[in-house]
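Here the protein sequences come in this chain order: A and B. The opening residue of the first sequence carries number 1 in my numbering; numbering runs sequentially from there. The opening residue of the second sequence carries number 1 in my numbering; numbering runs sequentially from there.
Hints are computed from structural coordinates only; laboratory data are not their basis. Check each hint, because a few of them may be wrong.
In silico lysine-lysine, DSS-like type, Cα no more than 30 Å apart, as pairs [unchecked claim]: (1) 273/A / 273/B; (2) 292/B / 256/A; (3) 167/A / 253/B; (4) 184/A / 194/A; (5) 184/B / 151/A; (6) 194/B / 151/A; (7) 253/A / 273/B; (8) 151/A / 292/B; (9) 194/A / 194/B.
Take a look at the letters that make up each chain.
2 protein chains.
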Amino acid sequence: MTRIQFDEMKATIKLAFLNAGMPEEKAGICAEIHTESSRDGVYSHGLNRVERFVDYINKGWVDVNASPTIEANLGTIEIYNGNLGPGITNAIYAMNRATEIAAIQGLGLVTLNNTTHWMRGGAYGWQAAEKGFLGICWTNTESCMPAWGTKSTCIGNNPFIMAIPRKEGHIVLDMAMSQFSYGKLQVTRLKNEKLPFAGGFDQDGNLTDEPGVIEETRRILPMGYWKGSGFAVMLDLFSTLLSGGLTTAGIDKYGKGSCGSCCQVFIAIDPLKINTQEFIDQALNGTLEQLKTAVPANENGEIFYPGEQSLKTRLENMEMGIPVDEGIWERVKELAKSR
Amino acid sequence: MTRIQFDEMKATIKLAFLNAGMPEEKAGICAEIHTESSRDGVYSHGLNRVERFVDYINKGWVDVNASPTIEANLGTIEIYNGNLGPGITNAIYAMNRATEIAAIQGLGLVTLNNTTHWMRGGAYGWQAAEKGFLGICWTNTESCMPAWGTKSTCIGNNPFIMAIPRKEGHIVLDMAMSQFSYGKLQVTRLKNEKLPFAGGFDQDGNLTDEPGVIEETRRILPMGYWKGSGFAVMLDLFSTLLSGGLTTAGIDKYGKGSCGSCCQVFIAIDPLKINTQEFIDQALNGTLEQLKTAVPANENGEIFYPGEQSLKTRLENMEMGIPVDEGIWERVKELAKSR
């Protein structure tokens, strides 16, 4: 397996983005987030997504020069137009602004309408936690999943993120509404394996753990069946009602590319305005201890808190280099060559 | 099937609560919420829960005279001690206060520590929507579910609610973190049926759809496996960090009865501070139309938006009376007899 050091990957991706016309600062931020995603094991939205993002820029679906502009300021709530700028820089701006409001008022809620794909949603949870804030964020997307009870795709696979800062490792939940991502289906199929649990429906409408079959029907399963389906609908509607942007149904009609013209919600809360660090440490560590000391389901089985495995992968990949698909790495290096 | 009219049920439950020592106003509010839960089809937390609530009062686990007292006011955020008062009146107070803050500031976040079981969490979503506000709320609970990867119960089955006001019927998601409730397991077992999907683990650690087996192992399945498990942990920690109250681990140690000394979060947002009613109507109705016109999974299958089935049950039960278990109804009538 080929492994690439963090700095080399980041520099290469940055060159690719500069070549695509991105301004220096934005190219640096986007390269960092893509590299961090691969570093943390979210390969689908890291290096592997660079070519597609460049393609979107070339098609004019992302405006590399655009930044968020404010549309409304309600004090605790601020609403921005993302102006179809890079989803990553827009989202970083919005979460940062939420933490700035929270630093003064305890809580900040910032929304973006008319933005583009933010890549790995967890990035903005880690961002809030890194600054010492509780973070909650989500995005809507185009239709890419059937609702519970439907055969055709009609709801978004909207990721939902919650993050808690913690000295020894932030606690971060980053979950999409489908039980498995298309990335997981592909990886599992390429290994000739089955999914650990049913992940969608076959042609006859039966649940199946065969990844290839689900890739064909496009009938991926919402997590928890009707629960993930309903949650996806609510996240979509809240995104729109809080930002004035397009719903999933609207993105289907007017958006260009995956998540084109989507909208996003960023909430930051300053935990130290509510409790002392000592209280917080006790609450977090007491809960993690309760998890870690529970009887494991399998002998010697390990129990992870949300975000723990990302951190583990991060440390491993920082030490050993980030594993890459050689074909993809070569193509990104090609995009990075000076012309 | 015996059906009881709404007003008769409410009056009977109110008498039972008055007999248990509750003050007039609180008894009226609690009786209304219990009756509404049964009316909407959430039988487990309606009439069926009255005896247990009275038992908690008798044991001194709920202080029928207590109301929330403010502990901190951060502007948008207010934190209250629930003083172990009735979970229903505490929660109604908190969501109402959140809407009052939101009416001025756009958003209000109110938390309760040291409160008691709020019964049906959806009630406070409907409450916010009824007043014209977006609502989000959740509670933590004692350990009653194994985390993903554990055999022993160590996390709460914390319900999460999101609500959107809509003239033709509010859109309300009310979901616990387990795939099925213990109530559903019991009802399914009594009918000698199997669950529609695996709902927990058997003695050997295999997934099973046999409700009785899961009731014995107490190993109910989090929705979406690791996803519902992680979400439950985050909801628990956010409850505590936002309220200064006990975590699930703390409730396990110090709480009395189900949800004794738990903490809760209530968020209200005024949607009309952000968008016009016309925009909102279009966003909601466009999305519901997209759901309703999707290809159904089964021929002539119906697709429901979150909250739609509760509303349907409500209308049916208001017309025909609320179905009751005769034994339970007789026992509540007994509690309601003057002494």
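We went through each hint and held it up to the structure:
no. : hint          : verdict
1   : 273/A / 273/B : holds (26 Å)
2   : 292/B / 256/A : holds (24 Å)
3   : 167/A / 253/B : holds (25 Å)
4   : 184/A / 194/A : holds (11 Å)
5   : 184/B / 151/A : holds (26 Å)
6   : 194/B / 151/A : holds (24 Å)
7   : 253/A / 273/B : holds (26 Å)
8   : 151/A / 292/B : holds (12 Å)
9   : 194/A / 194/B : holds (25 Å)
Checked against the numbered hints listed earlier, the structure breaks none of them; every hint is satisfied.
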